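J.: Just so you know, the sequences run in chain order G and F.
Under the working numbering, the first residue of the first sequence is numbered 1155, with each subsequent residue one higher.
Under the working numbering, the first residue of the second sequence is numbered 1155, with each subsequent residue one higher.
Mixed in with the good hints, there may be bad ones.
Since the list gives no way to pick one copy over another, a pair counts as held whenever it fits inside one copy or between any two copies.
Taking lysine to any residue and the SDA-like style, the derived pairs with C-alpha atoms no more than 25 Å apart in a straight line are [to be verified]:
(1) K1329 - D1561
(2) K1353 - M1520
(3) K1289 - D1559
(4) K1199 - E1304
(5) K1573 - V1396
(6) K1393 - L1322
(7) K1573 - T1391
(8) K1266 - P1230
(9) K1515 - L1435
(10) K1522 - I1166
(11) K1514 - E1430
(12) K1514 - A1431
(13) K1517 - E1430
(14) K1540 - G1164
(15) K1286 - A1388
(16) K1266 - E1326
(17) K1517 - T1391
(18) K1407 - N1441
(19) K1393 - K1531
(20) K1289 - D1392
(21) K1175 - K1285
(22) K1305 - T1269
(23) K1289 - E1205
(24) K1289 - A1388
(25) K1289 - K1573
(26) K1305 - I1572
(27) K1514 - D1159
(28) K1515 - K1540
(29) K1350 - K1517
It should be emphasised that the hints constitute simulated quantities derived from the structure, not laboratory data.
Predicted, not measured: the structure shown is a model, and the values here were computed from it.
Number of protein chains: 2
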Amino acid sequence: MTQLDFARKGEITQEMITTAKFEGVEPEFIRAAVEAGTVVVIRNKLHRAIEPLAVGAGLKTKVNANIGSSMDHISPDEEIEKLQAALDAGADAVMDLSTGGDVDAIRKEIMKVSTVPIGTVPIYQAALEAKKSGKSFVELTAEEIFDVIEKQAEDGVDFMTVHSGVTLSSLERIKNEGRIMGVVSRGGALTAEWMKFQKKENPLFEQFDRMVAIAKKYDVILSLGDGLRPGCIADATDKGQVQELIILGELTKRARDAGVQVMVEGPGHVPIDQIEANILLQKRLCNGAPFYVLGPLVTDIAPGYDHITSAIGGAIAAKAGADFLCYVTPSEHLRLPTPEDVREGVIAARIAAHAGDIGKKVKGAMEKDIELSRARKALDWDKQIKLSIDPVRSGRIRAESPPEDADVCTMCGSLCAIKIGDEEMA
Amino acid sequence: MTQLDFARKGEITQEMITTAKFEGVEPEFIRAAVEAGTVVVIRNKLHRAIEPLAVGAGLKTKVNANIGSSMDHISPDEEIEKLQAALDAGADAVMDLSTGGDVDAIRKEIMKVSTVPIGTVPIYQAALEAKKSGKSFVELTAEEIFDVIEKQAEDGVDFMTVHSGVTLSSLERIKNEGRIMGVVSRGGALTAEWMKFQKKENPLFEQFDRMVAIAKKYDVILSLGDGLRPGCIADATDKGQVQELIILGELTKRARDAGVQVMVEGPGHVPIDQIEANILLQKRLCNGAPFYVLGPLVTDIAPGYDHITSAIGGAIAAKAGADFLCYVTPSEHLRLPTPEDVREGVIAARIAAHAGDIGKKVKGAMEKDIELSRARKALDWDKQIKLSIDPVRSGRIRAESPPEDADVCTMCGSLCAIKIGDEEMA
């Protein structure tokens, strides 16, 4: 029985109670939302070391951090450092996207250390193993791909991205569209390549029920990936992207009918004036399934600052109803992130999530701002810093420039408006 | 004659031709917009060393960087370093807000080095000079305040913030409102203190025509300051703020009637769901005058990252019609910014401005993204980096993590979607 099965039977599980408490809502709210499919409760049945995480409408917007090795950069220790940086910075979930070295060992170590749910993209490991055995990815059998999915589920992975919407029909539309960037998702590109070589439909689409059966067994969340997401803002919201989303909406229903919980992934690179429409479209086409967005990045011209371009897009998306933000780090488009990049990325995404939560009136969000503002008004610096999103950084910046009067800061000195205002209002 | 006077006579000035060329619009567009008051052309008649800058509807969103000493931190050399950092990072204008040391000398040096328009808040210098002469600011005479304004205008300052909307009626509403943060603008707080002590109306309101006459003489842009802007998101869009905006709208008309160009300043700390309404309100109440916003910051909880909180707000504001973004640096609320903070702040604000320009379809904005994306698709790394908003940083990040295959980056290595996609689409 999955959380969705329990919800349908009207049963409130311990997972629902735990997540309800964290969110400050009633357990029945979680149960009803899981039944409706607008909330997922994430935790693999075999992954008992972590607390479950609820994601979806009416709840706090969550933040995911992607870590993992690449073929060009393999360091299991650094992956644990990145995991720790993500946890310290407040990530709600972590995806291990390792594609270099002994990825089973890296994943197992990450699962051992992590206090939050772990996600993967199984096709990455399948691709890596093909390379290791001297084959091209395109030569893999569907059997071998499903074996990786089953193995990762058995290992306790909590949510998995599967690019089941990359189909002959959606790919055809991408080609006709004449995109600038083509297919930029690794999973999407690999799948497309496989399909072309094999002259077959995508096995993750064709044998979707097989994947659903694995997910059902372990209560893994299927995160339906947007393999055809736009890779630049000029490609956003095109026919290929929307075609894939329609298919993901249909698959959402099929998975749910089988008692499997589903999230749907979204773009990507989206201009600021199209973000709201993208959220509306996903919620409508996927029957309100939780929406997990990567960014979105609102411009392509800022490599080195894509944590900022995606914080802009993420905040707007969260406010419009996105439920789960995948962070983007300053090193996106340039290199594998370092632990420091991970930290920067998580904080930027948390700012975006929180700004969105204020806008969509999530319970308890605005109260944090009011509490910090009261400390600011009271010139209570210790409390301001303690309540800030990153007390280490805010404390350090202030300490580097000590004011003459400890009440104020060196920006305004004795012309501090708050101090003047106190006198004036008195 | 001011640019507005010329525009009304149907004359296209050299300044209109220069700015039109920069914006990629017809000179007549600038003239008509200056006549309508929806665009200002910024340059003091005596400040011939710089190019004029046009700000307003239909044009690129501009970015201002605040620099300047404080009583707690006085280093004329560092101010020039900050100016240089702002210029290098691409600021369109710089405000010298110095309140420490020999501010005349600092301002003159900044004006000598700067290649962009310079703004000030004259009341800061008035306050400093009162302190230096052993008086309290509240004891200043209106005469002394206007002397500073005249002196700065004579020195060639291009635009000046004047807090003329801080009046007995708007202050009364702030008090009745019961704000958390009260008055957080330095100019607003000083003015309010002065009014309370003197038991008089704000001289910058009462003798507004006197200030208009000075502005007219030098064609200084009056930037009508929001002295009562909210200092936390819970205080946003309250009666005091809106009352001040109504007054600023009335003063806009009076200044324009006299041939003086006007911008209006806006908040500040604004939750994400109120930004669009704030822009609409300003444009409506101030007859379409260019809107110059500080931030807006979409949350209060992120000191140390307020360049990001304000990039989120600034992008949304720009998209909704804000014309000029005042940057916020990572050190906001914590200390006087360093040159590195200035650089970070300008880049974040430029990202916001550009994202907004894409959203409001400013001519030439999207083309930059398309050009970089084409280089990205072609795996042309040199060009990608050259076209990026900060080639030094993007180049450095990539160089720190060299890939095995120079075509790709260490994020994906040989699993690069673009490289796979090239093969697949071929």
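J.: Among all the numbered hints in the text so far, which are the ones the structure does not match?
T.: 2, 10, 14, 15, 16, 20, 21, 23, 24, 26, 27 and 29
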